[in-house]
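Undergrad: So the chains spell out like this:
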Amino acid sequence: MLRYEMICVGAGPAGLAAAIEAAKNGVQVVVFDENDRPGGQLFKQIHKFFGSREHRAKERGFNIGQAFLDQARETGVEVTLNAVVLGIYENGAMNVMIGDQVKQVRAQKIVVATGAAENMVPFPGWTLPGVIGAGAAQTMANIHGIRPGNKILMVGSGNVGIIVGYQMLQAGSRVAAIIDAAPKIGGYAVHAAKVARAGVPFLMSHTIKQAHGKECVTGATVIQVDSSWQPVAGTEKEFEVDTICIAVGLNPTTQLLGMAGCKMTHVPTLGGRIPVHDLDQETTVKGIYVAGDVSGIEEASTAIIEGRIAGLAIAHRLGYMDDGTFRKEREKQSQSMKGLRSGSHGERRAKAKEYLNAIMPAAI
Amino acid sequence: MTPDSSLTGFLTEEELKEGPGIPSAARRGKGPVAVIECLEDIPCNPCESSCKAGAIVVGEDITQLPHLDGDKCIACNTCVHNCPGQAIFMVDESLPGGRATVMMPYEYRPLPAEGDGVIALDRAGQVLGDATVIKIRQTRRMDRTATITIEVPKKWSMRARAIRLKT
Ligand SMILES: Cc1cc2nc3c(=O)[nH]c(=O)nc-3n(C[C@H](O)[C@H](O)[C@H](O)COP(=O)(O)OP(=O)(O)OC[C@H]3O[C@@H](n4cnc5c(N)ncnc54)[C@H](O)[C@@H]3O)c2cc1C
Numbered sequence: 001m002l003r004y005e006m007i008c009v010g011a012g013p014a015g016l017a018a019a020i021e022a023a024k025n026g027v028q029v030v031v032f033d034e035n036d037r038p039g040g041q042l043f044k045q046i047h048k049f050f051g052s053r054e055h056r057a058k059e060r061g062f063n064i065g066q067a068f069l070d071q072a073r074e075t076g077v078e079v080t081l082n083a084v085v086l087g088i089y090e091n092g093a094m095n096v097m098i099g100d101q102v103k104q105v106r107a108q109k110i111v112v113a114t115g116a117a118e119n120m121v122p123f124p125g126w127t128l129p130g131v132i133g134a135g136a137a138q139t140m141a142n143i144h145g146i147r148p149g150n151k152i153l154m155v156g157s158g159n160v161g162i163i164v165g166y167q168m169l170q171a172g173s174r175v176a177a178i179i180d181a182a183p184k185i186g187g188y189a190v191h192a193a194k195v196a197r198a199g200v201p202f203l204m205s206h207t208i209k210q211a212h213g214k215e216c217v218t219g220a221t222v223i224q225v226d227s228s229w230q231p232v233a234g235t236e237k238e239f240e241v242d243t244i245c246i247a248v249g250l251n252p253t254t255q256l257l258g259m260a261g262c263k264m265t266h267v268p269t270l271g272g273r274i275p276v277h278d279l280d281q282e283t284t285v286k287g288i289y290v291a292g293d294v295s296g297i298e299e300a301s302t303a304i305i306e307g308r309i310a311g312l313a314i315a316h317r318l319g320y321m322d323d324g325t326f327r328k329e330r331e332k333q334s335q336s337m338k339g340l341r342s343g344s345h346g347e348r349r350a351k352a353k354e355y356l357n358a359i360m361p362a363a364i
Numbered sequence: 365m366t367p368d369s370s371l372t373g374f375l376t377e378e379e380l381k382e383g384p385g386i387p388s389a390a391r392r393g394k395g396p397v398a399v400i401e402c403l404e405d406i407p408c409n410p411c412e413s414s415c416k417a418g419a420i421v422v423g424e425d426i427t428q429l430p431h432l433d434g435d436k437c438i439a440c441n442t443c444v445h446n447c448p449g450q451a452i453f454m455v456d457e458s459l460p461g462g463r464a465t466v467m468m469p470y471e472y473r474p475l476p477a478e479g480d481g482v483i484a485l486d487r488a489g490q491v492l493g494d495a496t497v498i499k500i501r502q503t504r505r506m507d508r509t510a511t512i513t514i515e516v517p518k519k520w521s522m523r524a525r526a527i528r529l530k531t
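Here the protein sequences come in this chain order: D and S.
Taking my numbering, the leading residue of the first sequence gets 1, the next gets one more, and so forth.
Taking my numbering, the leading residue of the second sequence gets 365, the next gets one more, and so forth.
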């Protein structure tokens, strides 16, 4: 059995940040990711990020990802790709499938940074080719250079729906509309303004009723919903589209944590069932830490800070960092986090995170 | 009542009127100046940190709205391509003959050429009419956000915010 001081599951921004922070302080770290390239979501993100300079604002996601990879290399982080972590057992034991071989490994500390998966909505016709997740559309266009469709209906007006809508315009598609059952646009106003001035209409209080087509999508019917989200008969609208993108939220990938016995709680603001954790990002199972979307759906910038905090806490716990330095470094990170978890979009997440931290003592 | 931007996605002139980033008509008449169309408390401040003239203030709490001091703005254009939300424009109403220019960030390809006729669109993507591209800037530092300056009738200077290429 291979032994490590620290194993990170997931090489997205959260996992890489945790690994780099720990490795910088002397911890021996390996990162496993099931993909054939590291970076998680970052390499799909061709738009400029928000935040301030310390959060690398105004840089494009994929450039931030590249900088992370360089830093991981410089700090001696070992990144193993095509490596699916199958299970986490007692005392830090883990099964990981690398290529077609299952290996047993063990770590003193584990960071689970597995990110999130897209939610789906079922409707008649939803299995037709041409109904795709917005994340898939982003992967096709921005990683593989393939335009997913010529005329697109976007379902969901959160930041993912709007940003992917914008990127589809950049890829040369037409976006027929962005619809959402909610009464108000969910994403940032400036993102919405960008697609609106390109002529994309928003249809709020509308949901998808049906996708049309025999072999693939040829159209969609949308329908208005009332304040209790019930369809209003007679308000149907038809769209001639070849692609329907679904962007109705993300759901933390917590299966490994459930299996390891980490306590979960339901926090709708953060995307569903979330592992209870403390200010160090440690879960109710000692030695297992979480960071990024798996510990609550937020953003890459917050995922990075959570990762750093987990990395610092592990370096401290393993004796690579003294109490004073740790407290100072962690405080620096939480200050930086405060800036990101404020404003009307961020405050709710800040409160939800406080709740998760507060119930920790009772959950152990 | 016109529906507000939380339903349509675009800011109305009514919503923008009181915005802390909108320079006065008097200032716009003196020459190019930034017009910041950012009215939501999101955590973001590259406009402030990229403004060497100190004309944009967001402050310690980065969810505060950017405030523009029009008199300090030297129209260096840096904020236009640095704003991750593409919410900053440069407007010049000092041209003779009832003309004005609007500079906007642009991330579609192909780029038009200087001198091309294009169609000016308003914030809702509705056609205003013909406009001429008078300047295109794209440097390494702009990181692939080009800026396009169009000349339009002055009455569109606070309305024209996008273009469509003529094909
Ligand atoms: C369209 C879109 C636009 C966005 N725009 C922004 C933005 O402007 N600014 C911003 O800050 N954020 C943005 N985000 C959010 C940001 O991408 C995510 O919050 C961030 O990527 C989360 O990081 P993470 O490391 O937690 O997860 P991820 O990036 O999802 O990485 C998780 C990694 O774990 C791997 N993994 C999962 N399970 C296993 C397993 N069992 N074994 C091995 N590996 C596994 C996955 O393959 C993946 O590589 C955007 C997201 C989307 C979808």
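Since the hints were derived computationally from the structure, they do not count as laboratory data.
This structure is a prediction, so every number in the text was calculated from the model and none was measured.
Check the hints yourself; a few may be wrong.
Here are the simulated lysine-lysine pairs, DSS-like style, with alpha carbons at most 27 Å apart [to be verified]:
(1) S:381 with D:184
(2) D:286 with D:351
(3) D:332 with D:286
(4) D:286 with D:24
(5) S:381 with D:151
(6) D:184 with D:209
Not close to chain S: a few residues of chain D, all C-beta gaps over 10 Å, as computed [said to hold, decoys possible]:
(7) 53
(8) 76
(9) 106
(10) 198
(11) 199
(12) 207
Glycine included, C-beta positions come from ideal geometry on N, C-alpha and C.
Undergrad: Is the Cα-Cα distance between residue 381 of chain S and residue 184 of chain D 27 Å or less?
TA: Status holds; Cα separation ~22 Å.
Undergrad: May I ask you to check that residue 207 of chain D keeps its beta-carbon over 10 Å from the closest beta-carbon of chain S?
TA: Given that every Cβ of chain S is farther than 10 Å from that of residue 207 of chain D, nearest at about 16 Å, it holds.
Undergrad: So if I understand the rule, the pair passes when the alpha-carbon distance is 27 Å or less; does residue 184 of chain D with residue 209 of chain D pass?
TA: holds, 19 Å
Undergrad: Please settle this one: residue 76 of chain D was flagged as non-interface, so is its CB more than 10 Å from every CB on chain S?
TA: holds, 30 Å
Undergrad: Could you grab the alpha-carbon distance between residue 332 of chain D and residue 286 of chain D and see if it respects the 27 Å cut-off?
TA: holds, 24 Å
Undergrad: Is the hinted pair residue 286 of chain D and residue 24 of chain D satisfied, with a Cα-Cα distance of at most 27 Å?
TA: holds, 23 Å
Undergrad: Straight-line Cα separation of residue 381 of chain S and residue 151 of chain D no greater than 27 Å?
TA: violated, 35 Å
Undergrad: For a C-alpha distance cap of 27 Å, please report whether residue 286 of chain D and residue 351 of chain D respect it.
TA: With a Cα-Cα distance of about 24 Å, the restraint between residue 286 of chain D and residue 351 of chain D holds, given a limit of 27 Å.
Undergrad: Going by Cβ atoms, does residue 198 of chain D stay more than 10 Å from chain S at every point?
TA: violated, 6 Å
Undergrad: Taking 10 Å as the cut and beta carbons as the points, is residue 199 of chain D off the interface with chain S?
TA: violated, 3 Å
Undergrad: Far enough from chain S: is every CB of that chain over 10 Å from the CB of residue 53 of chain D?
TA: Contrary to the label, residue 53 of chain D does not stay out of reach of chain S, its closest Cβ about 5 Å off (not over 10 Å).
Undergrad: Does the claim that residue 106 of chain D lies outside the interface with chain S hold up, using a Cβ gap greater than 10 Å?
TA: Non-interface label on residue 106 of chain D holds, nearest chain S Cβ at 39 Å vs cutoff 10 Å.
The structure fails hints 5, 7, 10, 11 (numbered hints given earlier, in ascending order).
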